[in-house]
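Undergrad: Here is how the chains run, residue by residue.
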Amino acid sequence: MGGFSPVTSKMVLSQNENDSRSFNSRAAALLTVPVGLLAIFYVLPTLNLVTSVTSLGSLLEHLTSATTWNVLWFTTWQATLSTILTFALGLPVTWALSVFRFRWHAAAQAVMVAPFVMPSVVVATAVRSVIPGDDDTGLLPILIAHCIFNIAVVVRVVGSRWNLIPRDLTHAAMSLGSRPLKTFSSVTAPLLRGSIAAAAALVFAFTFMSYGVVAILGGPSYRTVEVEIFTQAVTFGDVDEAVVLSVLQIIIVGILFAFAKGESSMAGRSAIGNGSPLRFHPHRQLIASFVAISCALMCAPFIVLVRRSFGRQGEFSLGGWRALWDGSLSTVGVEVPRALLNTAIFAVVCVAIAVPCAVVLATARDRMVRGTRHLELLTAGPVVTSGVILGFGAIITFDTSPINWRSSTWLIPVMHAVVALPLATRIITQALQSVSQGQRDAAATLGASPFRTWWTIDIGCSRRALRASAGVSAALSIGEFGATMFLSRQDTQTLPVVLAQLLGRPGDVVQAAGFAVSLIMVVFVAVVVSRA
Amino acid sequence: MLEVQNISVSIDGKPILETFSLTVNAGEVVAVTGPSGCGKSTLLRVIAGFQRVERGVIWFDGHDVRALAPHRRQFGMVFQDGQLFPHLNVEKNVSYGLRAAGVDTRTAREQVEHMLSFVGLGGYQGRDVTTLSGGEARRVALARTLILRPRLLLLDEPLTGLDAALHDQLQDDLVTMLSGMNIPTLLVTHDPREASTIAHRTVSLSLPYGDSHGRGTSSR
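Chains A and B supply the protein sequences, listed in that same order.
Throughout the first sequence, residue numbering follows the numbering used here, covering 1 to 532 in sequence.
Throughout the second sequence, residue numbering follows the numbering used here, covering 1001 to 1220 in sequence.
None of these hints come from the bench; they were simulated from the model.
Glycine included, every Cβ here is placed at the ideal spot set by N, Cα and C.
Do not take every clue at face value.
Said to hold, decoys possible - Partial list, derived from the structure: chain B residues whose beta carbon lies under 7 Å from chain A: (1) F1050; (2) F1085; (3) G1097; (4) G1120.
To be verified - If you anchor each label on the Cβ, the simulated ranges turn out as follows: (5) A:V527 / B:S1036: 31 to 37 Å; (6) A:P92 / B:G1037: 48 to 54 Å; (7) B:S1036 / A:P92: 33 to 39 Å; (8) A:F184 / B:K1014: 46 to 52 Å; (9) B:S1206 / A:A300: 49 to 55 Å; (10) B:A1164 / A:T32: 43 to 49 Å; (11) A:P166 / B:A1165: 24 to 30 Å; (12) B:H1190 / A:P166: 56 to 62 Å; (13) B:A1164 / A:R463: 43 to 49 Å; (14) B:G1037 / A:N24: 19 to 25 Å.
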C-alpha cells in the first residue's frame, strides 16, 4: 500500500530530532579522520620540531647568531622589495581589469592569475630561461619571479574589492569637482585599503616563505630562511639552527596571515555594491594596449622556456627532450619517466585523501555551533607552516618505531594532502555557505532525511567546488617541492625534485632537459586545473 | 543655458539616444520621463560627461562642453541611490566638493552646517552615512551637490525607492529648495506625477530611441 501513514506533529518532531542527532553523530565520527590526519601529520611533527632543540643555551646561541640574523634580514628585505615591485606592476593591471571590460578580458585575467597555480619551481625556471648567460641567478631574477608569481594575489584580492566599488561613486566625486587623482586618493583608495593591506601581507608572507624560487634562482649567495633551514638541516646537520629559523618563520608568517585575514574580513564587512564596467574613457585604447603588453610580458618567460628546451639560442636540438626518455640522465641521478609516474600517483592519492577530508571539515565548519574556531585554527595551521618545515618536522618525528615512516613512499602524498587540505577546505566551505537554507528546508519538507538533504542539496550544489578543490589539491601536489625534498629518495623523486637537480648541473643538454621537465609540469598543471 | 543639440549615443553598439535635442533655460526645472531603458539616465550621464556623445553638440552658456572633463563642468549630479561615500561621515560627504575646490576647513564646516539645516538635517554632521535612513541619505546627497551651487543640477531619480509619506514630503521640500536656489535643473524620473509637481516643463522619452520632440507641460 502506498501513500503517507497518518502521523502527529509530535511524532514528526521526534523523528526529525532523531534523524538530525543520528546525522550529527555520524558527522562527528567522520570528523575524527581529518582531525586525526592533521594531528598526526601536522601538529605532531610541528610540535616535535619546536621542542627538539637540544638545550636552552643552544637555542639562545642560535637565536643571537649572526647567521640567523643575516638570513632573516635578507629574507625580510627581499620580501619587502618583492612586495613593492609586485604592487607597482600589479595595481595598474588590476585597475584596468577591474574597471574595464575588454573583448579578451577573461583571457587577460587568466594570464595574470595562471602563474600562481603553477609550481614555484616552474615560474623560477621560466625566469631563468629568459635571463642570458651567468646572470640567470641573483637578486633580480628572484624579484622578477616573485613578481610574476604574486601579481595574481593583487589581481584577485584587490580586484575583487575594486569590482564592488560602484562606478557612480567615483563619478559622484568627479561631479563634485574632484580631479581623477584626487578621486582615487580620497574615494577609491580608502575603500580599497583593507584589501590592499591584506594582499600586501599575503604577498610578503609568500615571498618570505619562498623556497622553490630562491633554490633555483638564488645561487650560492642568496639564502632565505627556507633555503637556510634546508641547508642547515640536510647539508650541515645543525638541527638546532634549523629549528630556530623554523620557529621564527612560523611566528612571522602566522602574524602576517592573521593580519591579512583581519583586514580582508573588515573589507568584506564594508562591501558597498557592485561596480558595473566603465564603458567610456578617453584613453580606453591606451589602457587596452597596456593590458595587452602586460599579458605579453607575463607570457614571455614561458614562451622562451619552450625555445630553451630545444637548446640555446641560435641552435635547435631535440637533445634535451630525448634525454628525458633514453636513460642518459641516470648518470646525474635522474629518472624522468619514474618521476613523472610518481608525480601522477602522488597527485591522485593526495586528491583521494584531501578532498573527502575537506568535505568533512567544511561540513563541520558549516554546521557546528561550537568548536568551529578550533577547527578553523587547526585547518589554517599548514598554511602558515611551509613545506620545508613540514618535511623537516616529518623526518625528525617519524624516525623511531612504531612510527618509523620517514622512508615510506606513502608519507609523501599524505604530506601533500596536509599541504592541500586548508585550501581544499576553504573552497568547499565557501560553496556550502552559499547554499540557501531555504533549499535545505524545501528538501526536508519533501521527505529528505538530514543525510539525504546534505548529499543532494549541500554536496549536489557544490559539485563545481568539489572539482575545483580536487584540481587545486592535484596542482599543489604536482608542484610541492619543500616537503618532498626532505622525504623523497632516488626511487620516489617527483618532477620538481628532478627539475632542481637538472638545473643544478652543468651542460647544455642537461639544462635543456630541465626546461623540458618544467614544460611537462606546465602542461600537467594546466590539464589538471582546466579539467577542474 | 543648456542646449542639447541632435545628440546620438550608443552603448556597446546599441543605440540609446538618436538625434535628441533639449533646452533648459535659466532657473528652469525640466523633467525627463519615460519607461525603463529609454535612455533617461544615459542622457544625464552624457551631459555630466561620463558617457561619450557620438554625434551632436552640448552647449552650456554658449560653450561646447563635450571636451570638458566631468570635474571641470561644474554640473552637480545627484545619483540614483545617492552614492554617498561610505567611508566618510555626513560632514565630510557634504564638504567633499568644497575641499576639492580648496575651501578651508573652517569655512567648509560653516557652509556644511548651513546647508544641512537647509535640507532639514541640522546636527547630522558626525553621523555615519551607513546609518542614515533612505530619506536622510537622499537629503545628504542633495546637500552635497547644492552646497557647490552648480551651474546646472542633474537629478537622477532622486525620490525612487522611498515610501509614500517620505516621497511626498521630500518632493515638497525639493520644490521649495529648487525655487530658493534658482539653479537650472534637469530631473529624470519615471513618475509623471512627480515630474509635473517638481518641474516647470516635462519632456517624454519613448522606446526604442529618445523622442526628439519633447512635449512641454506646465503643471507648476
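Undergrad: Taking the CB of P166 (chain A) and the CB of A1165 (chain B), does the distance hold inside 24 to 30 Å?
TA: Holds: the Cβ-Cβ distance is about 28 Å, inside 24 to 30 Å.
Undergrad: Taking the CB of H1190 (chain B) and the CB of P166 (chain A), does the distance hold inside 56 to 62 Å?
TA: Given range 56 to 62 Å: violated, Cβ gap about 20 Å.
Undergrad: Mind checking the hinted window 31 to 37 Å against the Cβ distance between V527 (chain A) and S1036 (chain B)?
TA: 46 Å, violated
Undergrad: State, for the Cβ atoms of A1164 (chain B) and R463 (chain A), whether the hinted interval 43 to 49 Å holds or is violated.
TA: 46 Å, holds
Undergrad: Between the beta carbons of F184 (chain A) and K1014 (chain B), is the distance compatible with 46 to 52 Å?
TA: 30 Å, violated
Undergrad: Is it true that the C-beta distance of A1164 (chain B) to T32 (chain A) lies inside 43 to 49 Å, as the hint says?
TA: 59 Å, violated
Undergrad: Starting from the hint 33 to 39 Å, judge whether the C-beta atoms of S1036 (chain B) and P92 (chain A) obey it.
TA: With Cβ atoms ~36 Å apart, the hint holds.
Undergrad: Is 49 to 55 Å a correct range for the gap between the Cβ atoms of S1206 (chain B) and A300 (chain A)?
TA: 53 Å, holds
Undergrad: Quick check: does the Cβ-Cβ distance between P92 (chain A) and G1037 (chain B) fall within 48 to 54 Å?
TA: 34 Å, violated
Undergrad: At a threshold of 7 Å, is the proposed contact between G1120 (chain B) and chain A supported by beta-carbon distances?
TA: 21 Å, violated
Undergrad: Holds or violated: is the Cβ of G1097 (chain B) closer than 7 Å to a Cβ in chain A?
TA: 3 Å, holds
Undergrad: Holds or violated: is the Cβ of F1050 (chain B) closer than 7 Å to a Cβ in chain A?
TA: Holds - the Cβ of F1050 (chain B) comes within 7 Å of chain A, reaching about 5 Å at its closest.
In the structure shown, a violation is registered for the earlier hints numbered 4, 5, 6, 8, 10, 12 and 14, in ascending order.
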